[in-house]
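Work out the full structure, taking the sequences as your base and the hints as a guide.
Spelled out from the first residue to the last, the chains are:
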Amino acid sequence: MLIDVQNLKKIYRLGDIEVPAIRGINMSIELNEYLAIMGPSGSGKSTLMNIIGCLDVPTEGTYILDKKDVSQLNDDELAEIRNKKIGFVFQTFNLLPRADALHNVELPLIYSGATRVKRRQMAVEALEKVGLADRMDHKPSELSGGQRQRVAIARALVNDPAIILADEPTGNLDSNTGEEIMEIFQQLHNAGNTIILITHEEYIANHSQRVIRLLDGLVQSDEKKSEKN
Amino acid sequence: MKFSGFSLISEYFIMAWTALKSHKLRSVLTTLGILIGVTTIITIFTTIQGLNEYVIGQLSNIGSSTVYVEKFPWVIQGDFWKYRNRKNVTYKEYEALQKFSKQADYIAPAVMTFKTVKYKSEVYERVPIVGTSDQYKDTDNVAPAAGRFLTEMDISRNHRVCVLGDDVAKNLFKQESPIGKRIKVGPDKYRVIGVNEKQGKVFGQSMDNYVLVPYGTFRGIFSGHRGMRIAMNVTDVSKVEELKDEIRGIMRKTRKIAADDDDDFAINQQDQLTQLYQNITGTLFAIIFVIGGISLLVGGIGITNIMLVSVTERTREIGIRKAIGAKRKNILSQFVLESVAIASIGGIIGIIFGYFGGSAVLSQMELSTGVSLTSILVGFGFSSFTGVAAGFYPAWKAAKMNPIDSLHYE
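Order-wise, the sequence lines are chains A and B.
The opening position of the first sequence corresponds to residue 1 in the working numbering, with each subsequent residue numbered one higher.
The opening position of the second sequence corresponds to residue 1 in the working numbering, with each subsequent residue numbered one higher.
Please keep in mind that the hints were generated in silico from the structure rather than gathered at the bench.
By construction, the Cβ of each residue, glycine as well, lies at the ideal position given by its N, Cα and C atoms.
Every clue listed holds true.
With a straight-line Cα cutoff of 16 Å, these simulated EDC-like cross-link-like pairs (lysine to aspartate or glutamate) come out: (1) B:K327 / A:E77; (2) A:K129 / A:E183; (3) B:K327 / A:D76; (4) A:K68 / A:D4; (5) B:K120 / B:D188; (6) B:K184 / B:E125; (7) B:K201 / B:E366; (8) B:K400 / A:E77; (9) A:K85 / A:D160; (10) A:K129 / A:E180; (11) B:K327 / A:D56; (12) B:K400 / A:D75; (13) B:K400 / A:D76; (14) B:K102 / B:D236; (15) B:K102 / B:E246; (16) B:K329 / A:E77; (17) B:K400 / A:D56; (18) B:K137 / B:D208; (19) B:K82 / B:D262; (20) A:K9 / A:D56; (21) B:K327 / A:D75; (22) B:K329 / A:D76; (23) B:K327 / A:E80; (24) B:K329 / A:E80; (25) B:K201 / B:D166; (26) B:K397 / A:D75; (27) A:K67 / A:E30; (28) B:K244 / B:E70; (29) B:K329 / A:D75.
Rough simulated footprint, nothing fancy, chain A against chain B, three-plus residues with beta-carbon under 8 Å: (30) 8 to 21; (31) 310 to 323; (32) 327 to 337; (33) 396 to 408.
So this is what it looks like as C-alpha cells:
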C-alpha cells in the first residue's frame with residue numbers, strides 16, 4: 001500500500017469560528033494506481049490534495065505515505081518528503097519565469113543535492129520523456145501552454161517520486177492540448193507511475209481507473225472502473 | 001554531501017545574479033547607498049594609511065635615541081600660559097649638561113637665526129643659520145657629502161667656517177664646487193668647508209635649507225640671548241629613559257628648582273610626535289567608522305526595503321520552490337545571498353572608487369599610495385556584513401512563508 005489515510009480531518013480556525021474542511025476521510029491507494037479525486041468547490045478536495053501533497057498537515061487522523069507516517073512532520077521534514085516523494089503538476093504550471101525549461105526541471109534536484117552533471121542528465125531525460133528535448137533552452141514565456149505544462153510534468157517526474165499529484169492539469173489549456181497532456185499521464189501510468197488527478201471535469205476523470213468523489217468534506221463514493229476503457 | 005553543498009551555494013549565486021539582472025536599475029539604485037558608504041570609508045582609510053606610512057617614516061628621521069632640551073614641549077597639553085614665562089635654555093646649561101652627563105654619548109647645542117646668504121651675484125634670503133658644535137652630526141644624523149663637517153678645532157677656535165645644507169649649496173653654487181669658497185652670511189664672510197647629504201622633506205618642508213656655523217662664532221656675531229636647543233644622544237636606545245632622568249636632575253640642579261616645583265624646561269623626544277599623531281589618526285579612524293557606519297546603515301535600510309518588496313513580488317516563486325522541496329534554510333540562504341550580492345557589488349565598486357579617491361587626495365599631497373589588503377578587507381567586510389544584516393529579516397520572512405498561500409498569490 002502506497003498511501004493509507006485514516007480518519008483524516010482538517011479544521012481551519014477563522015477567529016473563534018472553526019471551519020471543518022474535511023471531516024474524516026479514509027482511503028488507501030496502491031502503487032501504480034491512476035486515480036481521480038473529484039468534487040464541487042467547497043467539498044474539501046483542495047484541502048485533501050494539500051495534505052496528500054504534504055503541503056499541509058491534518059488536524060486529526062493519520063496519513064501514511066510509502067510506509068512513513070507524515071501526518072505530524074514539521075515544515076522542513078515535509079519539504080524533504082515533497083522533494084523526494086511527490087511530483088506536483090499545477091493548473092497554472094507554476095514554472096519559474098526567468099529560468100529556462102531545463103533549469104526549471106533541474107530545480108527539485110538542486111534541493112535534493114544532486115551534482116550539476118547528474119542534475120543535467122536527469123533533467124534532460126525527463127524532458128525527453130515529455131517530448132520537449134528540443135525546447136530545453138526556452139523560457140516559459142517562449143513556450144505554448146501545452147509545452148509549459150509538459151515542462152511542469154518533467155519537473156514532477158525528475159526526482160522519480162512515489163506519486164504524481166496533478167491539480168486540474170488541463171484547466172488552463174484548450175481541449176486538444178488537454179488531451180495531449182492526458183496522453184502523457186496515461187504513458188506515465190503505463191510506465192509504472194502512481195498518478196492522482198484532482199479535477200471537477202468528468203471527461204478528465206474518465207481517463208483514470210478509479211474515481212473518489214468528495215462532498216462536504218467526506219468521501220461520497222469510491223468506484224473502480226471496469227477495464228472497458 | 002560536501003560537493004553537493006558547494007553546488008548548492010554556487011546555485012544560490014546564480015539565482016542571486018539572475019534576480020539582480022532582471023531588475024538592473026533597481027539593483028544599481030539599491031547598491032548606491034553601500035557604494036557611497038564604502039567609497040567614503042575606503043577614501044579616508046587609504047588617505048590615512050598613506051599618511052601614516054609617510055608620517056611614521058618622517059618621524060623616524062628624528063632619531064628615537066636623541067632627546068632635545070628646549071624651552072617648550074613639542075606637544076603642549078593643557079594650559080599654554082604656564083609655559084609662557086619660561087626662561088630660555090642657555091649656554092651655561094649646555095656646559096653643565098656636557099660636564100655632568102654620563103649617559104649622553106653626544107651633545108650639541110643649537111641656536112638659530114635667519115640671514116641672507118650671498119655668493120658672488122647669487123643671493124638667497126631668509127636662510128636658517130644654526131650655531132652648533134661638531135657633535136651635531138651625531139645628534140642630528142647628518143653627514144658631509146662633500147668636504148668635511150665642523151671639527152672640535154673649528155668650535156674651540158671659533159673659526160669662520162660653515163657647512164651648507166644641500167638646498168643652500170645648490171642655490172648659491174650653480175656649477176662650481178662650494179668647498180673652500182667664501183660666502184657672505186649677513187655682513188660677514190665664511191669659508192665653506194662642507195656640504196651635507198640631502199635629507200629631503202619632512203611634512204613638505206625642506207630639511208636641507210640651513211647653514212651650520214660653530215657655536216662660538218655664531219654667539220660672537222649674532223649675540224643676544226637666543227633660545228637654545230640642546231640635542232643629546234645615546235647610542236643604546238634602551239638608555240633613553242635614563243638619559244632623560246639624568247638631564248632632569250642636572251637641569252633642575254643648575255636652575256635651582258625647589259623639590260616641589262615643576263620643571264620649567266622641556267625634554268622632547270620623537271615619540272611625543274608619534275603619540276600625538278597616533279592620537280589624531282585614532283580619532284579620525286573612530287570618526288570614519290561612525291560616518292561609514294551611518295552611511296552603511298542607511299544603505300542597509302535601502303537594501304532591506306528593496307528585499308522586502310522583492311520577497312513580496314516573488315511570493316509565488318517562493319511557493320513553487322517550497323512545493324518542490326526547498327527547506328527554510330534554502331529560501332533563507334537564497335535571499336540573504338541575494339542581499340549580500342547587492343551589498344558586495346556596491347562594496348567592490350566602492351573599494352575601487354575609494355582607492356582612486358584616496359590616491360587622488362594623496363597625490364595632491366605629493367604622497368604615494370599602495371593598495372592595502374586591509375582596506376580591501378575592511379570594505380568587503382563592511383559591505384557583506386551590511387548585506388547579511390539587511391537581508392536577514394526579508395529572507396526570514398520569505399523562509400517561513402506558507403507554501404499553499406504563496407502558490408496561490410497573484
